[in-house]
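**Student:** For reference, the chains in residue letters:
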Amino acid sequence: MEAYDAVVIGAGNGGLTAAAGLAQKGLDVLLLERHNIPGGCATSFCRGRFEFEVALHQLSGMGTPEKPGPLRMSLANLGVLDELTFVEMSDLFSVAMPDGFRLTLKADRNQVIAELEERFPHQKEAVRRFFDLVYAYANQMLAAFFFKDPAPSREKYPVLYSHAFKPAHEVLDAIFTDPLLKGILSVYWGYLGLPPNRLSFAYLAMLFFVYIEFKPFHIKGGSQALSNAVVNRFISHGGTARFNCDARQIIVENGAVQGVVTDDGERIETKYVVSNASQVTTYARLIAPEEVPRSVFTEMGGRSLSPSAFTLFIGFDCEAEDLGITESTSFLIDAFEFDDRIFNRMRSLDITDEAMVLSCYDVTDPDFSPAGTCQANIVTLKYGEPWMHIPPARYHSVKFRCAESMLRRVETIFPGVRDHIEELEVATPLTHMRYLGHPNGAIYGFEQYTKDSMFFQPGRTAPIEGLYFASGWIGDCGFQPTLSAGMAAAKSIIRKLENA
Amino acid sequence: MKKAIFEEFDGYQAIVDEIAFSRKHGTDYTVFRDAVNQQISLLHPNRITLRLSEIIDETPAVRTLRFVSPDGYLPPFLAGQYIALFLDVGGVRTSRPYSISSPPNQTGYYDITVRRVEGGRVSNYLLDEVGRGDIMETSGPSGHFYFNPVFHDRTLVCVAGGSGITPFMSMIRETVECGLSRTFYLLYGNQTLDEAIFHDELTRISERFENIRYVPVIEGPPHGYHGAIGLITGGLIREIVGDPGRKTYYLCGPRGMYDFCVPELQRLGIPPRKIRKEAYGPPANIWEDPGWPEEVRPDDEFRVSVAGADPIRARAGAPLLTALEGAGLRVPSLCRSGECSMCRVKIVSGKVFQPAGVPVRKSDRQFGYVHACVSYPLEDLEILL
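Note that the protein sequences, when read in sequence, are chains A and B. This note's numbering numbers the first residue of the first sequence as 1 and each following residue consecutively. This note's numbering numbers the first residue of the second sequence as 1001 and each following residue consecutively.
It is possible that part of the hints are untrue.
One side only, chain B facing chain A, incomplete, derived with CB under 8 Å [what the hints assert, rightly or not]:
(1) F1006
(2) I1015
(3) S1022
(4) F1032
(5) L1043
(6) T1107
(7) E1201
(8) I1270
(9) P1271
(10) M1342
(11) R1344
(12) P1359
(13) K1362
(14) D1364
(15) Q1366
No lab work stands behind these hints: they were computed from the structure. Glycine is no exception: its CB is placed at the ideal position from the N, C-alpha and C atoms.
I would like the entire structure built from these sequences, with the hints used as guidance.
**Tutor:** In structure tokens form, the structure reads like this:
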């Protein structure tokens, strides 16, 4: 029987960094991936002469070589930095509305403030107050938790104590009167999956802080380059990667991991498993029910599945500027709303006037698409549930119908795009479900209400000895968080082994 | 126990209450045990088991194999898509993609139409050795060669060569059977009229439906033949379709046909975005490709070691995938034309030849991954699956 020090199930971001981190420390690690390619979300696919990025919009936490962010440092520790080229995006984001409204925020605190002050002179003071609050919150949060202050107090960290559990809309309402400005400052809700009226201020503040301080980045070759680089490192550390091989079961006996059974029925002995699969899959499918403590399902039951996404990947036979696309990240918005209309729209099947984000990597990376072409990735968040009820025979026509409505929306802002389409691929919530294996195609794992933040949830540990999690299901979701989650899981196991 | 600091944050108790409430009225995730796989298998099963229910003679060299599902369910597909058959031919496990020639509205069966290829082990096996009632494994429907209503024109100009007619057969049958508002111009090239598969059916359809125009093009016609002859040129296309604008062009056939027809279409002023080509297997006579090193002969053999195991032998002139399958290794495969990337393998050392234009991801190129179905060993290789 084969035996490994650790088995990592899934080669998504979290699984990859966990596997590489463990192998780097000399552990004998097996990485199982049911697909033929590593990456999970962090992948790409080719159509015609285009290669489409699947998931990465703006990589956070990188920072510059002079002022490295946490992610740059961790990737350097993994030894993958030299094999990758990171492209800094100068813009935080831009907002485009069909009435011609355009606004672009640069990834610089002073420039963001200056631009907003100029566009919203009546809210000048409020703009400053908001960013002061964002920075105060972020700095206090980092001091207390990242740098682990041994004696934190309300006196030292007043904003942290007062704002950590506050909803974003409460904070925005207290500071701003202009709804347009409020809307612009909450567009990042799309990266978190909860509309502004449900989003927590803490998440919004941290997003602004990391993107401004460490700048948004894109990777040459897309997120697949990162996935490939990490696998490469893993293999060079002696790790064994097995693609096209799913895990069928995690063997648990007396509350402790004993091994893993693969798809082919092969039994592998190990005391440590890092699951990059969702907690739902891990507990409900991979472990025998009698070995799962009841508390696990009770805890999980209090959480809800995040939205999935509906995405168009379009390759155009012309340059981005020929289409009027001049920003790498554009939020396309019809109207700003601060109630449950956004939420309700995400729960419906059809696309009407949803907020969507259009990413055009060619704007910052001219080599991204072949010369004389460009591509756009347009995504809107949609819960997977309604898609589960479409009869299979109707699936393709519903998919095209929604794609058509989405393209019409894009045309209201960038007229003429349709006449330059060379390739067009559509991903529905079912596509995400197919490739990620996530229930209802949830792309952000569980929803990230304040109650779901790291303070209140079990995170990477499990009540089963030897089982760890590394994915977007255990805490924050996104590239930086999942990459970090894998490294943290590796560290936990290494610490455990050192203490044993 | 010391209080954690967040327990003193404003609003803490409300969240604790919210958690208690949401757990009490929460979701039972145990029901998700098989939910994902069950749902996905209805649309995109990795494998399906089919029973061969009928064999229909089309031409002396062509038969249609009709497959039904033993459990009565077949995943939906888009006209133009293919399934890959997973086969054991003479002790070698391999696969072959075949476009579905029946229309998607026919939910009771999938037809594939197989033409005998000279020396083609798989086509000969399918035409001679399988029989009604045989059970076969296939992939789910795959491929990107289909009418995309979002950006394709409703007038389709289809250029087919030989067995490249099969995806168009599905499209045209669907259009006439479902009354879709699409217009087809089908130019179908063959050596002789006898080789034209579905000739009678296409003739009947085009007589009955004015939105279907069928033009067989015969390369070597008998004396006195009145139809279109020679190659499918730009001139001929223009003559048949009139104004070449506002139409999408679909090509399916051997590579020689693409090499000839694509420039012909471009000369008519048709932009590349209007031209769609179906993957059609690995190129024949790869050693005639530009860039093939002169010193390597197609029959040269190299040693390929897979993940440190005993090396296998691989011929330069045959795809690496074929050598791996011949040695009994299991490599997933689907399109066998370089496009789907299922047979992606890592070249650790040694060189392979890859024809131009294979869509390999940029970072895969950087890290040495190739698509084994269109990679040809030029040296001894060390690879990882």
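**Student:** Compare the structure with each hint and give your call.
**Tutor:** Results for each hint:
1. At about 4 Å, the closest approach between the beta carbon of F1006 of chain B and any beta carbon in chain A falls short of 8 Å, and the interface hint on this residue holds.
2. For I1015 of chain B, the shortest C-beta to C-beta distance to chain A is roughly 5 Å, which falls under 8 Å, so the interface hint holds.
3. Because the closest C-beta pair between S1022 of chain B and chain A is about 4 Å apart, less than 8 Å, the hint holds.
4. Look at F1032 of chain B: its Cβ gets to within about 5 Å of chain A, closer than 8 Å, so that hint holds up.
5. At its closest, the beta carbon of L1043 of chain B sits 5 Å from a beta carbon of chain A; the interface hint therefore holds under the 8 Å criterion.
6. Interface hint status for T1107 of chain B: upheld, as the beta-carbon distance to the closest one in chain A is roughly 7 Å, under 8 Å.
7. Hint status for E1201 of chain B: violated, given a least beta-carbon distance of 25 Å to chain A, over 8 Å.
8. Contact between I1270 of chain B and chain A, as hinted, is not supported at the beta carbon level, the nearest pair being about 12 Å apart and thus beyond 8 Å.
9. A cut of 8 Å between beta carbons decides the hint on P1271 of chain B: the least distance to chain A is about 6 Å, and the hint holds.
10. Given hint, M1342 of chain B at the interface with chain A, holds; its Cβ is 6 Å from that chain's nearest Cβ, closer than 8 Å.
11. With 8 Å as the threshold, the beta carbon of R1344 of chain B comes within range of chain A, its nearest partner Cβ sitting at about 5 Å, so the hint holds.
12. Annotation: P1359 of chain B was flagged as interfacial toward chain A, and the flag holds, the nearest CB pair being 4 Å apart, inside 8 Å.
13. The restraint placing K1362 of chain B at the interface with chain A holds, with a minimum CB-CB distance near 4 Å, inside the 8 Å limit.
14. Interface restraint check: D1364 of chain B against chain A, minimum CB-CB distance 7 Å, threshold 8 Å, status holds.
15. Annotation: interface hint on Q1366 of chain B holds; nearest CB of chain A at approximately 7 Å, less than 8 Å.
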